[in-house]
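**Student:** Each chain, letter by letter, is given below.
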Amino acid sequence: MEEIAARVGQNLAELRQNFSSGRTRGLEWRKTQLRAILKLVAENEDEIFEALNRDLGKHPVEAYRDEIGVVKKSAEYSLCHIEKWMAPKKGQLPLLFFPAKAEVLPEPLGVVLIFASWNFPISLALDPLIGAISAGNTVLVKPSELAPACTSFLACKIPLYLDNKAIKVVEGGSDVAEKLLELKWDKIFFTGSARVGRIIMSAAAKHLTPVTLELGGKCPIILDSLSGSDLKVAVKRISGGKWGACAGQACIGIDYVIVQRKFAPVLVELLKKCIKTLYGEEVENLKNICRIVNKNHFGRICNLLEDPSVAASIVYGGSFDKQNLFIEPTILLDPPLDAEIMTEEIFGPLLPIITLDEVEESIEFINARPKPLAIYVFTKNKTFKEKLLQETSSGSVIFNDTMIQFICDGLPFGGVGESGFGRYHGKYSFDTFSHEKAVLHRSFFLELEPRHPPWNGFKLEFIRLAYNFDYIGLLQLLLGLRRRYTSRTVH
Amino acid sequence: MALDTAAVVAELRETFASGKTKSYEWRVSQFKAIVKLTDEHEKDIIEALRSDLNKPEHEAFVHEISGVKSSAKLAMKELRRWMTPEKAKTSLTTFPSSAEIVSEPLGVILVISTWNYPFLLSFEAVIGAIAAGNTVVLKPSEIAPAMSSLFSKLLGEYMDSSAVKVVEGAVPETTALLEQKWDKIIYTGSCKVGRIVAAAAAKHLTPVILELGGKCPVIVDTNINLKVAARRLISGKWGCNSGQTCVSPDYIITTKEFAPKLVDALARELEKFYGKEPLKSPDLSRIVNSSHFNRLTQLMDDKKVSGKIVHGGQRDKSNLKIAPTILLDVPADSLIMNEEIFGPLLPIITVDKVDEGFNVIKAREKPLAAYLFTNDKMLKEEFIGSVSAGGLSINETTLHCTILTLPFGGVGESGMGSYHGKYSFDAFSHKKPVLQRSFAGETAARYPPYTPEKLRFLKAFLAGDILGIFRALFGW
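Note that the protein sequences, when read in sequence, are chains A and B. When we follow full-length UniProt numbering, the leftmost residue of the first sequence carries the number 1, and every step to the right adds one. When we follow full-length UniProt numbering, the leftmost residue of the second sequence carries the number 1, and every step to the right adds one.
Only chain A is shown next, with the shape it has when bound in the complex (with noise of 0.2 Å):
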């Protein structure tokens, strides 16, 4: 433990030298950064996918798209842009503060803590560092132990193409974690769980850092009455967005779907076809998909179904391949309400259906449960869309698709309530990882005598009228044409 104290003590004092050294300060080091990112996911893909094939049996198509096109996209967004990003910006000064000049400069915050995810592994490391980058912070990456082959990968590469003077990677469990969070930090960026989260704020509190909680939820799907090739569409992305993102292991997974309860039978049927055209039909031909895991989140998955009431609401899927981590795509039709499939967030690949009378009621049955990180809604009516979103709150809401949010660098991404707070994503990041720092210049010439006391009812007239813009009244004051303001106190 003492070891572990030690390196990352010294990981910190390192990072905090380099930092007020102004390295990481200027436009060309951290442009320098991101290019070397674009280099090191560009030169190394195959090792990518390999370790991401290793961690979570995700398929190399999966594996670009959510992964490696993501930080790729990132980089490229931010480099474009970072320029605009660091000059400051005008603020605007009312007449009275003549001669002045005021504006807001974004600064880095000093040495940033990046906490990663195991189920997006590389994007969820390497997009919040190159916000922290774009930011000009120096940074102590530590990625996910349930993720070791990516992990190696990130611990390995990053000090041969980043600057690793500035920018670290510790590998490690929750020891390695414990030590950290009791460091001072200037910005912790979390992703993970809810119960986790807690205690990294918890930890940040002690010294005042702020952090950014990227948690979860149950994520749900309305799905009103479509039909036709709409309805198809809707299902396949569906599908696609629950199953074909890391095996729904993911923050803005689809967790359940709600729908009226005459389209149910439809929506089933539709499903099975879906998922036996996208992923095969036995547990152990699985194609296009992850596994789970670790067998701790494999037994927790398992054990939602072990619930008599739940088992028998499965209408399509239900096995395992315990030896391989496989659970199959599963569909349940309103499994109790009450049951820990329905209150804890499932992240895995079991979908259950909800059921109701109109799909109006969808709206409180969401408001019933903590907000989520993102609300789907499959519908073409507008009075519904504008009610639903008047009416739910939520992280981020999607009309008639799913997931595809992540790679929208113009979208803020984050949480609300207990789906977290704080928020990335294209100049979101950057944002997110600075300082906005007021700046006020004023000149020595035309000084305002009545702020300054001893004080009497001219100046006072004077600041009322000041307060108020009133430049006119001033003007009058100041030739004598005004009726001089009488205390309206005992005094």
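Do not rely on the hints blindly, as some may be mistaken.
As the list claims (entries may be wrong) - List time: in silico DSS-like cross-link candidates among lysine-lysine, alpha-carbon distance up to 27 Å:
(1) B:K192 <-> A:K387
(2) B:K304 <-> B:K192
(3) B:K192 <-> A:K380
(4) B:K362 <-> A:K387
Said to hold, decoys possible - Computed beta-carbon distance windows for the label pairs:
(5) A:G457 <-> B:N225: 26 to 32 Å
(6) B:N225 <-> A:R23: 34 to 40 Å
(7) B:V171 <-> A:D175: 33 to 39 Å
(8) A:E364 <-> B:F474: 24 to 30 Å
Hint data in this document are derived by calculation from the structure and do not stem from the laboratory. Owing to the predicted nature of the structure, the values given are computational and were not obtained by experimental measurement. Glycine residues also receive a C-beta, built at the ideal position from the N, C-alpha and C atoms.
With chain A fixed as given, assemble chain B onto it according to the hints.
**Tutor:** Frame of chain A; chain B shown alone:
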């Protein structure tokens, strides 16, 4: 009757769930109520501030009453614009789609306010919370008791008490409030209590704004208009609640050579402002209570610095007044240089060259504000580039806080989050992205079965490489 904080929160949650506070009309009605209560009870407010702090009427008016009315009026003027969803850019990767960012209220906000600008700092936060459509609990500081009771009375009378509540009390009541789950907490006060608030919030994953303090330094260069600089320094220090202000200049750094001139200029202007007997001046606030009075006298009487007083030092214990006091060349390890002074004592540290001042500042925690008086362009640039603080002012003190288009907040030990003007609206909102897709524009490459062709397509697609997309589509 014991305070039932759970019941208070439950009522506010119910009000929030009813949707009442989301309407534009409701929010504006509350701003109007704030302006009305400020106008109709100006006398009572000034009285309460005189009672709690001996705050001169002019300071009360300039800093507090006018500040609140400005904020409320700005919110009324801008609210429609603030509430309008912001269009967001989409890219080829989600084509065809449209996106916007909708501001929605967080829910129930807890405002824990402080004693030095009790009227301003309470309402500034409440206005922000209401602007964003939330319900609010205001917990005023018990150290300003007259203002605390006045809040209970006035908010109860003028504002919608099903959505805006005041909970008075001290540590036990605040602790009880902090055990509840809030959707956001804003706390103004000390670093020590800031940590307690952050830890309590962590249990519920509640985001926080912490407006704390720190030792706000002033670097004074030599080639300046000394008279104007001295007057601005005095206003920012003693003209702001006798130095009991989070952004007041805490200490000055100047050259050994210039220090005597600066002390003389300050002494001269101080006499013009407060007369030969400052303890008798009606224009100087008193120290808030005997606990802080004792803390400050201890800082002055500390053996390491008591011989360094070059101006002032007089005190009046019965009236809790301390005269504007300047100390010259205090040691870096003295108590006065290692905690936030928050009072009318102004140490001056001297250096050989003025830019050594930067190291003095960087050796300490990041403050809420930092100030520089100079005409030297390069010095200004170096100051802005290398000094990290909540906010900076050049050739001025404290004024940047009154500009509602600038964010007001700290960094590091001086706090996190910011507010004022639109920043308040944003601070108390959740900015919800909404992405609308059509059923058209289906990309087969998203789905299994995965093939090398799909991979090539995706590589080009995600990179926005139009030519590459064509090539992938046509198998070139």
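**Student:** Give me the numbers of the hints this structure contradicts, sorted from smallest to largest.
**Tutor:** Of the numbered hints, 1, 3, 4 and 8 do not hold.
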